[in-house]
Each structure stands twice: as structure tokens, then as C-alpha cells.
Amino acid sequence: MAARTEPRMAYPLTREQHLELYYYMKLNRVLEDRLVILFRQNKVVGGLYSSLGQEATSVGTAYALEQHDWMAPMIRNVGSLLVKGYRPRDIFMQYMARYDSPTRGKDNTSHFGDLRVRHVVSPISMLGDLIPVMTGVAIGARYLGQKVVSMTWIGDGGTSTGAFHEGLNFAAVQRAPFVLVVENNQWAYSTPVARQVRARDLADRAKAYGIDSYIVDGNDVVAVYQTAKEAVERCRAGEGPILIEAKTMRMKGHAQHDPAEYVPREMFEYWKARDPIARYERHLTDHGLWDRAVKAEIEGRIEREIQEELEFAEKSAFPPPELAEQDVYCDASHAIEPRWERPIEEVMPPRASVKAKWVVTDFGGLDQAAAGVTLARVSGDGAKPEKKKAATKARPTRTPARSKSRR
Amino acid sequence: MAQVTYLEAIRQALFEEMERDPTVICIGEDIGVYGGAFKVTAGLLERFGWERVLDTPISETAIVGAAIGMGYVGLRPVAEMQFIDFIACAFNQITNFAAKSFYRWGAPVPIVIRGPAGGGVHGGPFHSQNPEIYFVHTPGLKVVYPATAYDAKGLLKSAIRDNNPVLFFEHKFLYRRIKEDVPADDYAVPLGKAAVRREGKDLTIISYAAMVHTALEAAEILAREGIDAEVVDLRTLLPLDRDTIIQSVKKTNKILVAHEDTRTGGIAGEIAASVCEAAFEDLDGPILRVTALDAPVPYSPPLEERFLPNLNQVLEAARKLARY
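Chains A and B are the protein sequences, given in the same order. Under this note's numbering, think of the first position of the first sequence as 210, with each following residue one higher. Under this note's numbering, think of the first position of the second sequence as 152, with each following residue one higher.
Keep in mind the hints are simulated off the structure, nothing from the lab. If you're wondering where the values come from, they're calculated on a predicted model, not measured in any experiment. Note that CB positions come from ideal geometry on N, CA and C, so glycine has one too. Some hints here could point you the wrong way.
Some chain A residues flagged as far from chain B (calculated, every beta-carbon gap over 12 angstroms) [claimed, not checked]:
hint	residue
1	A219
2	D316
3	E555
In silico BS3-like pairs for lysine-lysine, Cα to Cα no more than 25 angstroms straight-line [stated by the list, open to error]:
hint	chain 1	residue 1	chain 2	residue 2
4	A	K315	A	K524
5	B	K471	A	K564
6	A	K235	A	K564
7	B	K190	B	K352
8	B	K352	B	K308
9	A	K566	B	K190
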């Protein structure tokens, strides 16, 4: 169960899709460049967080999701939000604390979401907590009969939290259709990844949960997309959860106030030579997917869009003060309507009724492990793993028998 | 109507809500095959199946987090803390994720977190606590702590149907010690409404959970001494029913608050402040408190007995107050 570095299946992209990936990455970057100017003009309220250098990871992973799939961005996933249908004005207004922002000025940065249309869950500042929450989204949607996958992101530093462990472990035992993208951007604020985790590959963490993982070049948008697409579709087919480690680099400080002097200059230079947008521009040229005119058209479109969106954002007022005390509670008139995609009778008695007994096939002894007793050690958890496990056994990703190192 | 225990009333509420609404599911440690450490969820798995009764790893953060996520797709999960003391492990999910979700981005979190709380059963420092006040201090949550079987069932139903994260504290000392007639048909007790358990005119004893029974016992003894005590059962601590409290103050002009929670920062302080703000002119005496000691809950019986508030302390405080 070593991490894979290449997806098994190719997920071909059309020319339009290639160009769309470029559009989102470039939009992400131009938008954030503009935010830096707004920050210097004192128009940003509070801190500004940059995802410079990580655009391919944000865009490529989110691009693998379908409209009905769920995601929860972290602070550097502006690109993911754009792919999921948010507009630059939403990001501008969040940072500028305006009334028309998705949170009406109640929260900042990427801390917003939409349960009904885009299926985006808002993060909180505490790291790791989205993992159990998105696991709940995944198993809750599965319960309703929906064929959806949930995805969230976590940084290298965030993998040190207890919530990361509890969430991923729970997702694993529930076989949740859940993709966790570990964005290894090498720095957790000022602390290098080697002081967060002793393992070099954060994908190795997946082994502890008995789940599959991938390692991908996080600055190669096509590789990121193809890996994420495979992980998403495997989760949809019941093979989740899956962890993807994207190797990338945070090219600025933790936030705008932080000049990141603790990062060796050579390290920035190493990664600058691997800039995801410059690399993708060469890729598009080398593969004849665009020409100068197409590039200029996209860039012009982005410039105009950013200008219009910013004008809209700047016209938005600050929220009225009395909003501070509104909507602390959700009243009974608010409709909460689950989308059932299976017959409700299946989850109601008498059809749902069962014998409340564990069926245990593996008694945990060493001799049974040596004899290759099936992976379905306990049934009765409702996840119906047996057949799928048997079918995936021959896959090259899995070690054929349990090796000693697994014990 | 049948006589049922406090515990059975809770089980009935879960059973009936799951029967009524397919979005209600239960999640927690050892709640399925085993039926829960106190058997509150016994029989639910047989009836409703593996998808609706989830045995989880020992991961309170994951339990609450997953419940929040299920709430986002429109379910109404009921999460059990095996002992409510362990709710501390899920503190961040509750106070930062669940409580602020609707306020921040309009996403309701229609979940219930329930579990056995309270002392008097020699459970020691980690199986006896009353941690309700941590959560009473968190806007966005609702905190419920019933004293009777009837209320336990009716309040749990309301909690499950509520669109907000509701913490439902069950006093484990009461689980099998009290019994009363509970209707077999559907009823709900509204959240945020206190109940006057005994009418009186001389002074008011405000309480909740197991201490309500101590307060009622005290009121009977006081009555024989010619002191007519009113007893108010808060039932819900957040939102706090200040109206019922103030009404009672205006009637009796004297109050004492008795709770099993520790003293400093307990709800009694909030009640005292609210009464001073709204009805200071109506007071004929000091607002007194009878509470647990400001200490962890000790294990050994003589220590726990010393720690917990008791009948004599309530009587003494009431007699003192009556003299004003």
C-alpha cells in the first residue's frame, strides 16, 4: 500500500478543459496580486493569506469534483473556490469585510460556504477539524443514497493535529467517499515540515489508517487533476477514503505581514523554477494547445473580470452594526431538506432492522494473518466491504499479502 | 400512561424520533451492538439497522465533527458522549465549528449531543462532572438539562427537532431512580422554558437537574416550618428563561439558586446578575447560592458527599433567607 506517484488511468482533458485550468490558475494569481495592492491601500481588513505557488494544487484538485460533490477549502484554496463557482467579488468582499460578501462581514478570508448550490463547507481557523466534518458529509450523503464525494485540504502542519487523526481514522473505518488533499507546502507558518513530521512523505500517514494514498507533483496541474480525478472516482466507487499528498511550496510568508526570512533563499529559487503557472504555459505551448492570441485573450478576459469584480466589491457597503446580534440561532422556519436519492423504506423498519451482532472472521492471531485471512475482519458495519475488497486485491497498489512491517 | 424511568423516557424519545423521521440517526461509542454504557440506546440497532446506529472509534472530535457534517446534508444526528465528561475532547468542534456555523455562513447544525452527567454515583473526577457552563457561555448552542422523566422525553424530542446544536445533559443519578407517568403518544416540551414545580409565596428556590428533587424535598420540610417555598426548574440553561425567574422574584421577593455544578462561574451567578438588573427593587434579601465546592469531583464517598450540595444546605440557606 505504498503511495502511488502516477494514476493508473489517464483522464484525458479536452483543449477547452486545458485552457479552463489555465484560466482558473491565472485568475487565482491575478486576484491575489490585486489583493496585495488592496492590502497596501489598507482596504483589506485584517490579514491577507497568499496561495502564490500553490495554484495548481487548488485548481487541479477541485477541478476533479462534480457539481454535486462537496468540498471544504482551507485558507490557501482560493483557486478551489473559483473552480466551484465563486467569483472574485466574493473573495474581495470577504477580505474587505463588506455586507455583500458571502458572510455579510461576519467572517473573513475563505471562511464561507454554501450548502444548497455549490456544496461548499466553510472552514474554521483551527486546523484538522474539517476532516471529521467532511467525513460526516460523505457518510451522510451516502446514507441519503447520493453518489457524491467530499474533499478537503490540509497543510503539512495541520497533519499534526488530533482532529486530523481522529477524522481520517473514522473516515477509514467508515470507508467514507472522502478525498483528503495534503498540501505539503513545506512550511507551517515559520516551522519547516521536518519539525512537524519525521516522515519525509506525508502520504505515509495513510498506511496507519489502512487507506490508499498518492503522491503528486503539486505544481503540475495536469498531474494534480488526473490524480485527484482518479481518487475521486475511486471514492465514488466505494474505495475511499484516499489521501493525496501534493508536494508544493508556499512562496510567501504565512500572511502578508510575514516576510518569511526564515526560508532559505535557495529554497525559494528552487521552487520559483518550478512555478506552476509558468510550467503550465510551457506545457500548453509545447502541446500546441494554444498560441499567443489565445493566451492574450484569456489574460485580457481575466484583467477585465478582475476590474469589474473589484468595482462591484468596492461599491459594497460595510454591514449595518445591528447585524452583530442577528442570526446567532437558526429559527424553526428555516427549512432543512435532505435530498433523498434512495427509497426511504430502506432505512426504516422493518427493512432496516437487523440482528445486532458482530460477525468476526479474524480473531486477531498471528497465524491467521500469515494464512491471509480476508481483510473483511468484521461485518455488520453496513459498509458492505467484502466484495469490493476481493475485487481490488489484485490491484498493483496493494501489497499481495500482509507483510511483517504492517504489524 | 405507563410509569417509566428517566432513562427509559430518553430511550423512548430516541426510538420515537427515529421511527418518525428517517433523518434521525445515532452516533457514538458502543451505542449499537452493546446498546450504550448505560443501555440508553439498547434496541435501536436491531430496529433501525447499521446505517442509523453507528458504533464509532474512541474519537469524540470525530463523533461531533461527523455529526456536524451529517447535519450539513440535512440529517439530524444524535451523538452520544459515553460520559459527558468526555465532551471536553470535542470542545473545539462544539464551540468553534457547530456553535458559530449558522451565524458565520448561514449553515444550520441541527445536531444533538447527549450523555450522562452529574455526580452522586462515586464515579470519580472524570465520570461525575457537570460541564454545562462551558457551553452556556457559547452563543449559538442550546443547553438542556432535564429533571424529570416527562421532561427528558419531551425536551429530547424538541432538541432533535431544533435547527441548532443542542447539548442534552442527562443526570445519571436520576436514570433509574425516578419514575413517572409518561404519555405513550407524541408530545414535546419546548426548549427555553422553565417550569414552576411548586408554587410558593415566601421565597424561590431555583434549580435544575437532580437538585430539583432536593429543592422539592426541602420545600416540603420548609412548609412544615411555615415557610412556603416556590421551586423553579430551569430545564434549559441556554437560552435561559429569565422571564419565569423574574416573575417568581416579583412574587416571593427572595431567591436562592441551588445547583450541582461548582460555585464560581456557575449559572447561579448569571441568575443573580439578571435579577439585580431586572428586579433589584423587588428583592427583600440577598441572593444565596447552594452549589458544589470549587474542586474536582472526588471519588471516595465521604469526599464526594462533602463536595456535593445537599438537602441541609438548601434548608439552611432557605431559613436564613426567610428571616429577612
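Give me the numbers of the hints this structure contradicts, sorted from smallest to largest.
Hints 2, 3, 5, 6, 7 and 8 are the ones this structure does not satisfy, whereas the remaining hints hold.
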